[in-house]
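Dock chain B against the given chain S, drawing on the hints supplied.
In case you want the letters, here they are:
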Amino acid sequence: MNNLNGLKILILFLLAFGLQVSVASWLSIFGISPDLVIIFVVTVSIKFGPAAGCFWGFMAGFTQDVYQPIEWLGANTIALTILGFVVGQLEEKLLTLNTPAKVGVLALGFFVTDMIYYGITGLSRDIITNLFLTKSVPECAYTLFIGSIVFYLDRGKKKRHA
Amino acid sequence: MFRAFRFIVDLFSQRHGVVAFAFFLALGLLMRQAPNVFRESIVSTVTSTIFYPVQLVANSLNEFRSLADENAHLKEENAKLRQETYHAREGLQELARLHTLVRFDDKWDYPIVTARVVGHNPGRFLTTLVVNRGSVHGVKENMPVFSMNGLVGKVTKADMGHSRVQLIVDPNLKLSVMERRTRVVGFLESMDGHLLTAMVPAHAGVKAGDTLVTSGLGGIFPKGIPVGTVKDVRKADIDVMRQMDVVPFQELSTLEEVFVMEKEPDWIIQELLDE
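Those protein sequence lines, which keep their order, are chains S and B. When we follow my numbering, the leftmost residue of the first sequence carries the number 1, and every step to the right adds one. When we follow my numbering, the leftmost residue of the second sequence carries the number 163, and every step to the right adds one.
Bear in mind the hints are in silico, worked out from the structure with no lab data behind them. Quick caveat: nothing in here was measured; it's all calculated off a predicted structure. Glycine included, each C-beta is placed from N, C-alpha and C at the ideal position. You may find that some hints are simply not true.
[As the list claims (entries may be wrong)] When the alpha-carbon atoms are kept at most 20 Å apart in a straight line, the in silico EDC-like pairs for lysine to aspartate or glutamate are as follows:
| id | chain 1 | residue 1 | chain 2 | residue 2 |
| --- | --- | --- | --- | --- |
| 1 | B | Lys302 | B | Asp399 |
| 2 | B | Lys369 | B | Asp394 |
| 3 | S | Lys135 | B | Asp407 |
| 4 | S | Lys135 | B | Glu351 |
| 5 | B | Lys425 | B | Asp271 |
| 6 | S | Lys135 | B | Glu413 |
| 7 | B | Lys397 | S | Asp126 |
| 8 | B | Lys397 | B | Glu426 |
| 9 | B | Lys336 | S | Glu71 |
| 10 | B | Lys385 | B | Glu426 |
| 11 | B | Lys369 | B | Glu351 |
[Stated by the list, open to error] Some chain B residues close to chain S (C-beta under 10 Å, calculated; not the full set):
| id | residue |
| --- | --- |
| 12 | Leu218 |
| 13 | Ile400 |
| 14 | Asp401 |
Next up, chain B with everything else stripped away, as it sits in the complex:
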């Protein structure tokens, strides 16, 4: 066993590492050329067997350290929340009355699963999180994920005890959003895995400081989850549209806990996704 390992090391060290370089470069290129299904299986296997257990242990140590701080913070928050509960109850009663008046039936009546963030990209582009809740806890693919502050992303892969969450800054996630003041609908995306931009019709008059929420039109996210605020508005490549820089409500690099909404995609979207 040891001799075989030694032989491989010697082989790779030959010709000033050219053999090793050719081998690993070929592996990398093969990964680039592989179909998405195969890539997904590579990522799933490696995440489940190696990275998730390591991250879980590392995260547990990290969490232990922050427990005291969190306890003090929670006590303070609890006192505030007690005060707010009274006001919220009154607000809810008023809201219920208003809903009845306008026959508003678009409420979030989905169960929520609370999940702890146990891992994220070690690279400089944060596009994925790993959370400690999976299919055994009721989490399924394409379920919306949000935090106390706003939208976080959606579940892309639910394994048994953990899931992968695609963040809203992932360039592959395009999202239908609505501006809260003007009610105009547009779409949000990140072209570089770093900054969020949204496109809305030019006539809507959206300006800096306006708030974006999910529109509920994509079939995956329910209507009304806060997404972010408009930072800057400028002309888009198409004259009739405006492009906006968006600052998300939730700072994604500091997330510790998230909520998974047990909402499955609308049937028509599910059929499209299945295809």
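Chain S on its own, in the form it takes in the complex:
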């Protein structure tokens, strides 16, 4: 990953968070909004590999954690770091991920991240089940829809990481 790529990812990072706190709430349907930050982490991991994936996963998770209850600090950080690394590894092993495969990875990543997050925050099983059905599933569907558009627009622009 060269300096120019680093700058590009930084801009994408700011853009993802900027859109998450502004556009995502406008796109909200019945309180369900897409998670642009997960799309960002998955995209970076696919394009730039596991090292960049876990670095930007860490940065994104920590940024989210700063505004969470203090007792949950580190939950998003760990979840998104793992997501970035795993997706990056997956990309390295499978080498070429087409758009449907990327969307599949995004779906898997979304659920895995949520499960890690719920597990770390120590919520009870009933609450997790309720959150999974009322929040995770619909938000995952919405995120996949937005993610597939992002991946489609980004097709053929793959850069090899160092």
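Just chain B now, kept in the frame of chain S:
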């Protein structure tokens, strides 16, 4: 400098990113294990030095765009308010008379600080806001925060020029509430950082559509701030209690301005908080 940066990048890229993964995962786990005081200092430092300035700039751009809309809206509202002022004056006079009659002394006579919301969680669980008023403006920790529509939360951290507000949907905020019709007192909490639930005694007969206000019993929030309406009532785990889903009066994701009430916690609560 550049060579050192290059060396770190190369080191982290080794073994297919395993080194980077181990490093960042360890940092995350350290954060999880750290005591709350240390976590608070991490959050405060990062918020003050990085996130607050960025959010302030982003928010200013956003605000500029909405000024024209807001101006038109304010003109319309001003016309309505002129009409309402007349009725309100009469109402206040009547209220003053009634207060004298029932020796009601529980009014909000605290100064109010108006604050602009400049940031909130970028994640999917909205539990915290950042506002552009801090200790120099008289804001202190544990001061109640509300909006035109109802209760928003309380100040958890007051820095010099900005403060962090814990919203009522934060699972760590438990709040004593009172149902306005039956006057029964219960408590409100959010177990998942998303939905609000309240518990009241079963005999009270609280039903869907009833209104909850702050009870004034917790020592932090004064009595009578509107909180929300009861959406659904069901049996709780304990037979003598009823659990209710509550819809807050204030939609928390669309907040732009809030009011901080310069009310410090009652002395006994302050002592408990200090401990």
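So, going through the hints one by one against the coordinates:
1. Proposed proximity of Lys302/B and Asp399/B is contradicted: the alpha carbons are some 37 Å apart, above 20 Å.
2. As the CA atoms of Lys369/B and Asp394/B are separated by approximately 7 Å, the hinted pair is consistent with the 20 Å bound.
3. A threshold of 20 Å between alpha carbons decides the hint, and for Lys135/S with Asp407/B the separation of about 16 Å falls inside it, so the pair holds.
4. The hinted pair formed by Lys135/S and Glu351/B meets the criterion: a straight-line CA distance of about 19 Å does not exceed 20 Å.
5. A hinted pair counts as satisfied when its Cα atoms are at most 20 Å apart, and Lys425/B with Asp271/B qualifies at roughly 9 Å.
6. A C-alpha spacing of about 17 Å is found between Lys135/S and Glu413/B, which places the hinted pair at or below 20 Å, so the restraint holds.
7. Among the hinted pairs, Lys397/B with Asp126/S is consistent with the structure: their alpha-carbon atoms are about 16 Å apart, no more than 20 Å.
8. Taking the CA atoms of Lys397/B and Glu426/B, the gap is about 36 Å. The hint is violated against a cut of 20 Å.
9. Of the supplied pair hints, the one linking Lys336/B and Glu71/S holds, its CA atoms being roughly 15 Å apart against a limit of 20 Å.
10. The straight-line distance between the Cα atoms of Lys385/B and Glu426/B is roughly 14 Å, inside the 20 Å bound, and the hint therefore holds.
11. Using a Cα cut-off of 20 Å, the hinted pair Lys369/B and Glu351/B holds, with the two alpha carbons roughly 18 Å apart.
12. A least Cβ separation of about 13 Å between Leu218/B and chain S goes past the 10 Å threshold, and the interface hint is therefore violated.
13. At its closest, the beta carbon of Ile400/B sits 16 Å from a beta carbon of chain S; the interface hint therefore is violated under the 10 Å criterion.
14. Interface restraint check for Asp401/B: the shortest CB-CB distance to chain S comes to about 18 Å, outside 10 Å, so the restraint is violated.
The structure does not agree with the numbered hints 1, 8, 12, 13 and 14 stated previously, though it agrees with the rest.
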